[in-house]
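2 protein chains.
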Amino acid sequence: MEEDRKARASAWFEELRGQICAVFEAIEDELTPAMAAKLPIAAALEGLAPGRFERKAWAREDGDPAKGGGGTMAVMRGRVFEKVGVNVSAVWGEFPPDFAQKMPGAAQDPRFWASGVSLVAHMRSPLIPAVHMNTRHIVTAKSWFGGGADLTPMVPFKADTRDFHAALKAACDKHDPDYHARFKKWCDEYFYLPHRAEARGVGGIFYDNLETDWDADFAFTQDVGRAFLEVYPKIVRRHLAETWTPEQRARQLVKRGRYVEFNLLYDRGTLFGLKTGGNVEAILMSLPPAVAWP
Amino acid sequence: MEEDRKARASAWFEELRGQICAVFEAIEDELTPAMAAKLPIAAALEGLAPGRFERKAWAREDGDPAKGGGGTMAVMRGRVFEKVGVNVSAVWGEFPPDFAQKMPGAAQDPRFWASGVSLVAHMRSPLIPAVHMNTRHIVTAKSWFGGGADLTPMVPFKADTRDFHAALKAACDKHDPDYHARFKKWCDEYFYLPHRAEARGVGGIFYDNLETDWDADFAFTQDVGRAFLEVYPKIVRRHLAETWTPEQRARQLVKRGRYVEFNLLYDRGTLFGLKTGGNVEAILMSLPPAVAWP
Chain A
922 MEEDRKARAS
932 AWFEELRGQI
942 CAVFEAIEDE
952 LTPAMAAKLP
962 IAAALEGLAP
972 GRFERKAWAR
982 EDGDPAKGGG
992 GTMAVMRGRV
1002 FEKVGVNVSA
1012 VWGEFPPDFA
1022 QKMPGAAQDP
1032 RFWASGVSLV
1042 AHMRSPLIPA
1052 VHMNTRHIVT
1062 AKSWFGGGAD
1072 LTPMVPFKAD
1082 TRDFHAALKA
1092 ACDKHDPDYH
1102 ARFKKWCDEY
1112 FYLPHRAEAR
1122 GVGGIFYDNL
1132 ETDWDADFAF
1142 TQDVGRAFLE
1152 VYPKIVRRHL
1162 AETWTPEQRA
1172 RQLVKRGRYV
1182 EFNLLYDRGT
1192 LFGLKTGGNV
1202 EAILMSLPPA
1212 VAWP
Chain B
922 MEEDRKARAS
932 AWFEELRGQI
942 CAVFEAIEDE
952 LTPAMAAKLP
962 IAAALEGLAP
972 GRFERKAWAR
982 EDGDPAKGGG
992 GTMAVMRGRV
1002 FEKVGVNVSA
1012 VWGEFPPDFA
1022 QKMPGAAQDP
1032 RFWASGVSLV
1042 AHMRSPLIPA
1052 VHMNTRHIVT
1062 AKSWFGGGAD
1072 LTPMVPFKAD
1082 TRDFHAALKA
1092 ACDKHDPDYH
1102 ARFKKWCDEY
1112 FYLPHRAEAR
1122 GVGGIFYDNL
1132 ETDWDADFAF
1142 TQDVGRAFLE
1152 VYPKIVRRHL
1162 AETWTPEQRA
1172 RQLVKRGRYV
1182 EFNLLYDRGT
1192 LFGLKTGGNV
1202 EAILMSLPPA
1212 VAWP
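Chains as they are written, first to last, in this note's numbering: chain A, 922 to 1215; chain B, 922 to 1215.
Simulated from the structure, these hints should not be mistaken for laboratory data.
Please read all numbers here as calculations on a predicted model, not as lab measurements.
Hints are supplied without guarantee of correctness; some may be wrong.
No copy is singled out in the list; a pair is fine if it fits within one copy or between any two copies.
Derived pair list, reagent style DMTMM-like, types lysine to aspartate or glutamate, alpha-carbon separation capped at 20 Å [to be verified]:
hint: 1; residue 1: LYS1196; residue 2: GLU1119
hint: 2; residue 1: LYS988; residue 2: ASP1019
hint: 3; residue 1: LYS1196; residue 2: GLU1110
hint: 4; residue 1: LYS1155; residue 2: GLU946
Model the full assembly from the supplied sequences, consistent with the hints where possible.
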């Protein structure tokens, strides 16, 4: 049964990846030449075809049973999406000793299996929020789900923040009336830069170690993915034809610097991956294409 | 006598800061309109006056005896120097408990005094290396000097690397025949990105906990500063009139990303400063003005 569960979770992460990539590519096609001509980057967009994801498979070390599995990176550098990465992976092996002590269910037996999908999108328009979404399933002696999604507007629009939170709240409420308040608070606490006393963005939800009933937790995790898939494209499309000022673009590049600071100073997944020989290209795909610390 | 030493060290760091700022401003004046007109950024430089340092004093928390002192940031955004920060500080108080255990001479008595000068320069031309220089004097129950300088070429030129190492070697050799080999190796080991298996640049020297004879160590630290002051302006002037390609600029922005990764993931001073309530603006002045993770 456990093998069946692993297979179902992995298959879902790949299916969600496929759906997300398809919608994002559709949005690339929706930016017509007439719309593009009115943007401040019209000249740069001219001659640039609508973006398409490039997929690249990677494997962990051959022949080392402590480092099995691999994943697929998909990255698109488009006309709307300046850089968006969507990664899926399914890896297994043994946690390094110090890490095993910190992971639920791994203190006695360091073996683990983990699969997930993660996404970070950086947009050309400073009017369109950057976004992060990740869901994962991890199996040790325990078995749990984790993940979430959070929005980082460069120029905040109330409707975007409202719709994003509403979509995640609806997904949470379907499963447990306490989930949204708990997971929203967790998100606010997690995506915070203490050295700046600043939030990374406007939040969303963050959850981890969710182990109530496998089917219920899996269904919730799927609903988080579906909520993201429904709401983020709506937010992107809302601003597709809107033009922006050089000042807004400059503010976007500075705000992206905060994103870099968070990911390299605090993000547990990034630090763990980099310090334990993860796939550097996949891990750092989250970093923005252009950034400024003026 | 200890107070006299502190005063002499602080005065030197400020004097060196003054000399460096003066030379860098002189270089800004040396980029003539005729030279600027041949550069790929001629249009952006037009109407931009030669850069001048802006100084800004800062103080640690008022009234908290554990957090005394302060410093002065000097930053110049110029025509040659895209962004260069030169900071001096003299601070005193008590190390936080966990940090005190790690600092020489502070396990019994957490009080410390520290003064130093630190500099990071990011250049508009990708043909001119970025550079970092820092020297400091720290007093606990022990009393030592530390610092160094290292070069990060974007497009490597053998003559630059050779001259930089030669200048630091001459400064070292004046004081101890073993210093250069030891401190060059230390620099190579320190400025290294394990997750990329890449060096941050071409190195230089790095030394810490130097406590042989106070006068000798202070004289050595001064000579490191003087060597920097002599060799780096020479390297900058060498490339002042040389033009570059868009590909070289693109490579520079990517290489700067590695600089950011190093500083936020590994640099002890940066991490310590950010996590113990240091002056964020001064600490992060090292981050490049424009960066790309394409």
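Hints, one by one, checked against the model:
{"no.": "1", "hint": "LYS1196 / GLU1119", "result": "between (26 Å within a copy, 14 Å between copies)"}
{"no.": "2", "hint": "LYS988 / ASP1019", "result": "within (16 Å within a copy, 34 Å between copies)"}
{"no.": "3", "hint": "LYS1196 / GLU1110", "result": "between (23 Å within a copy, 16 Å between copies)"}
{"no.": "4", "hint": "LYS1155 / GLU946", "result": "within (14 Å within a copy, 51 Å between copies)"}
Hint compliance for this structure: every hint is met.
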